[in-house]
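Trainee: What follows is each chain in one-letter form.
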Amino acid sequence: MIEVQHLTKRFVGRTAVDDVSFEVGKGEVVGFLGPNGAGKSTTMRMLTGYLPATMGTARVAGHDVFSDSIRARREIGYMPESVPLYDEMRVVEYLNFRAALKGLRGRAVKENVGRVMDLTGLKDVQRKIVASLSKGYRQRLGLADALVHRPRLLILDEPTNGLDPNQIRQVRSLIAQLSTEHTILISTHILTEVEMVCRRVIIIHRGKIRADDTPENLARSSRSAGMLTVEMKAPAEEGSEALQGLAGIRRATAVPSAANGGWQQFEVKLDTGADPREEIAELTRGRGWPLRELRANQATLEDVFVEITQRD
Amino acid sequence: MRTFFILLTKELRSFFLSPVAWVVLAMFMAICGLSFSWSINILREKPQDQSIVQWTFVPVWFWLYYPFLFPLITMRLFAEEQKLGTLESLLTAPVRTWQVMLAKYFSAVIFYVVLWLPVLAYFGILTWILRGKVEIPQGALMGSYLILLITGLFHLALGSLASALTKNQIIAAILGFAFILLHFLIGVFVMQQAQDHQEFRPIMDYVAIKGHIESFASGLLDTRPMVYYTSGTLFILMLTHQVLEYRRWKS
Chain A
1 MIEVQHLTKR
11 FVGRTAVDDV
21 SFEVGKGEVV
31 GFLGPNGAGK
41 STTMRMLTGY
51 LPATMGTARV
61 AGHDVFSDSI
71 RARREIGYMP
81 ESVPLYDEMR
91 VVEYLNFRAA
101 LKGLRGRAVK
111 ENVGRVMDLT
121 GLKDVQRKIV
131 ASLSKGYRQR
141 LGLADALVHR
151 PRLLILDEPT
161 NGLDPNQIRQ
171 VRSLIAQLST
181 EHTILISTHI
191 LTEVEMVCRR
201 VIIIHRGKIR
211 ADDTPENLAR
221 SSRSAGMLTV
231 EMKAPAEEGS
241 EALQGLAGIR
251 RATAVPSAAN
261 GGWQQFEVKL
271 DTGADPREEI
281 AELTRGRGWP
291 LRELRANQAT
301 LEDVFVEITQ
311 RD
Chain B
1001 MRTFFILLTK
1011 ELRSFFLSPV
1021 AWVVLAMFMA
1031 ICGLSFSWSI
1041 NILREKPQDQ
1051 SIVQWTFVPV
1061 WFWLYYPFLF
1071 PLITMRLFAE
1081 EQKLGTLESL
1091 LTAPVRTWQV
1101 MLAKYFSAVI
1111 FYVVLWLPVL
1121 AYFGILTWIL
1131 RGKVEIPQGA
1141 LMGSYLILLI
1151 TGLFHLALGS
1161 LASALTKNQI
1171 IAAILGFAFI
1181 LLHFLIGVFV
1191 MQQAQDHQEF
1201 RPIMDYVAIK
1211 GHIESFASGL
1221 LDTRPMVYYT
1231 SGTLFILMLT
1241 HQVLEYRRWK
1251 S
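As you go down the protein sequences, you meet chains A and B in turn.
Numbering follows my numbering, with no gaps: position 77 of the first sequence is 77.
Numbering follows my numbering, with no gaps: position 70 of the second sequence is 1070.
No wet-lab data here; the hints were simulated from the structure.
You may find that some hints are simply not true.
As the list claims (entries may be wrong) - Looking from chain A toward chain B, a few residues come up when the C-beta cut is under 8 Å (computed):
1) F22
2) T48
3) Y78
4) V92
5) R98
6) R107
7) V109
8) E111
9) K128
Stated by the list, open to error - Here are the simulated lysine-lysine pairs, BS3-like style, with alpha carbons at most 25 Å apart:
10) K135(A) x K1250(B)
11) K110(A) x K128(A)
12) K135(A) x K1083(B)
13) K128(A) x K1250(B)
14) K269(A) x K233(A)
15) K110(A) x K123(A)
16) K1250(B) x K1083(B)
17) K208(A) x K26(A)
18) K1133(B) x K1046(B)
19) K1083(B) x K1167(B)
20) K1250(B) x K208(A)
21) K1167(B) x K1250(B)
Each residue gets a CB set at the ideal place from its N, CA and C atoms; glycine is no exception.
Starting from the given sequences, assemble the full structure and let the hints guide the process.
Mentor: Okay, here's the thing in structure tokens:
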């Protein structure tokens, strides 16, 4: 659905997107992540044909977004970050206008506008002036606009930006619902959202792609994966040495902490694929060290994101 | 073409939903009504060299409101879209930049034409009241409307260019007014020079807007100003298109 080859965008004095290449297959839901100013919005704007590239090519549904821009744009439903809308129009008027602009005619306009208003919960406010809508409804209207012409590809730039937790949950479930019919490229800062919705993640930083994998694989590759936390009543030095003596443990470090009744926490780095939790339990029983925590650390997408974006 | 008409309809609706448009319309009707009634009073007092058409369209006070009209009509065209970011959602739909530009420009042209229609009605009412006792020079009336239309097309293009150059409507209005004033003053300068220097006369025939309106209002139709304003309008519209593309590319 999306083929991007060596895409580069230079502005005066800075390179916003630097030789980016990736592909998104039909039906995929891809999270496009990166810190502010990483190049996410610029890449998305190039994919929608709004910005020309300095170098490289991008195709959507087989159409070059630069040389065959109008056809490519017919396949795209785009929701920009700031959700710009015409404040003086009514909700239904705005959607009718956008549907007609995107090539729908006659009954198809009415049907599709009705469909997206049902889908996004805008029916109750359809006669309201856009200027009077709350942030949540504006966001929904932006999403309805992106969906109205049944595009094959949805490009959503921070669709939950500025929403309260309930509204975020609603938008998230809507996106999950849409993922059955559309290919989706979604940019967001809320990483739990990505873990829930996306089956693939692309992390971009300083204009370059730094990671491209499933959220699970990325979490496994994190530095904080393959770690155990052990808390037992044992002297720091003796405990570390004893743990390090077990098979499968690369390193055990006592975590410096204030006196708390003799309890000591240890960070244990494991060899790849090792799981010595049983042996640790045996050890504490044998030495008479009471054990109150033995936990395998699960790396999150947030850990991976922080590692990648703070590496340099 | 269908896309153009969808955009044009939306633009016209936006125009007539805007309070500025109604204020401009009301003020313009008031000014034109006063101007027309003064013209009748002047002609009632004693015979004049100039016809009622000339008194209506080229009195001194005409230049006090005419240059202000265009920035008021065009200031929001692109500046507002750029400020709100709606130009991005417009141009990521399957729409070309020139379609957006022409739809906006022609909505301004239609509004401008609507502004002048009541004056035409005043002449119609006067003709009906006089019932053939006094003849209103039809050629001069047509000439006046023709020159108002072609200079209007040119000035609306200048205003559109000013609006494309900035995100701020006030700056767009000031810039548009400055462009129109500059063009007017160049015309005045050339007219003054032409009195003493014959070589300025051919230039004056092209660029002196004051002279154009005066000659058309007296019923003299000259093709040179028509060529000048039409080609100028096309050039400025092309420039506006390029400005919009440039601003999009660097956004």
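Trainee: Compare the structure with each hint and give your call.
Mentor: Checked hints:
1. Among the interface hints, the one on F22(A) is violated; its C-beta lies about 20 Å from the nearest C-beta in chain B, farther than the 8 Å criterion.
2. At its closest, the beta carbon of T48(A) sits 4 Å from a beta carbon of chain B; the interface hint therefore holds under the 8 Å criterion.
3. At its closest, the beta carbon of Y78(A) sits 5 Å from a beta carbon of chain B; the interface hint therefore holds under the 8 Å criterion.
4. Contact between V92(A) and chain B, as hinted, is not supported at the beta carbon level, the nearest pair being about 14 Å apart and thus beyond 8 Å.
5. The interface hint given for R98(A) holds, since its Cβ lies 7 Å from the closest Cβ of chain B, which is under the 8 Å cut-off.
6. The interface hint given for R107(A) is broken, as the beta carbon of that residue sits about 16 Å from the closest beta carbon of chain B, more than 8 Å.
7. Of the supplied interface hints, the one on V109(A) is violated, with its beta-carbon coming no nearer than about 11 Å to a beta-carbon of chain B, more than 8 Å.
8. Given hint, E111(A) at the interface with chain B, is violated; its Cβ is 18 Å from that chain's nearest Cβ, farther than 8 Å.
9. Hint status for K128(A) relative to chain B: violated, with the closest Cβ pair at about 15 Å, above 8 Å.
10. The suggested pairing of K135(A) with K1250(B) is violated, with an alpha-carbon distance near 28 Å, which exceeds 25 Å.
11. With a C-alpha separation of about 17 Å, the suggested pairing of K110(A) with K128(A) holds against the 25 Å cut-off.
12. Distance restraint check for K135(A) and K1083(B): the Cα-Cα separation of roughly 18 Å lies within the 25 Å cut-off, and the hinted pair is therefore satisfied.
13. Annotation: proposed proximity of K128(A) to K1250(B) is violated, straight-line Cα distance about 35 Å (limit 25 Å).
14. Between K269(A) and K233(A), the direct Cα distance comes to roughly 20 Å. Compliance with the 25 Å bound is thereby established for this hinted pair.
15. At most 25 Å may separate the alpha-carbon atoms for a hinted pair to count; K110(A) and K123(A) meet this at roughly 13 Å.
16. For the suggested pair K1250(B) and K1083(B), the alpha carbons sit about 15 Å apart, so the restraint of at most 25 Å is met.
17. Of the supplied pair hints, the one linking K208(A) and K26(A) holds, its CA atoms being roughly 23 Å apart against a limit of 25 Å.
18. Distance restraint check for K1133(B) and K1046(B): the Cα-Cα separation of roughly 16 Å lies within the 25 Å cut-off, and the hinted pair is therefore satisfied.
19. Proposed proximity of K1083(B) and K1167(B) is supported: the alpha carbons are some 5 Å apart, at most 25 Å.
20. The suggested pairing of K1250(B) with K208(A) holds, with an alpha-carbon distance near 20 Å, which does not exceed 25 Å.
21. The hinted pair formed by K1167(B) and K1250(B) meets the criterion: a straight-line CA distance of about 14 Å does not exceed 25 Å.
Consistency with the previously given hints fails for numbers 1, 4, 6, 7, 8, 9, 10, 13, ordered from lowest to highest.
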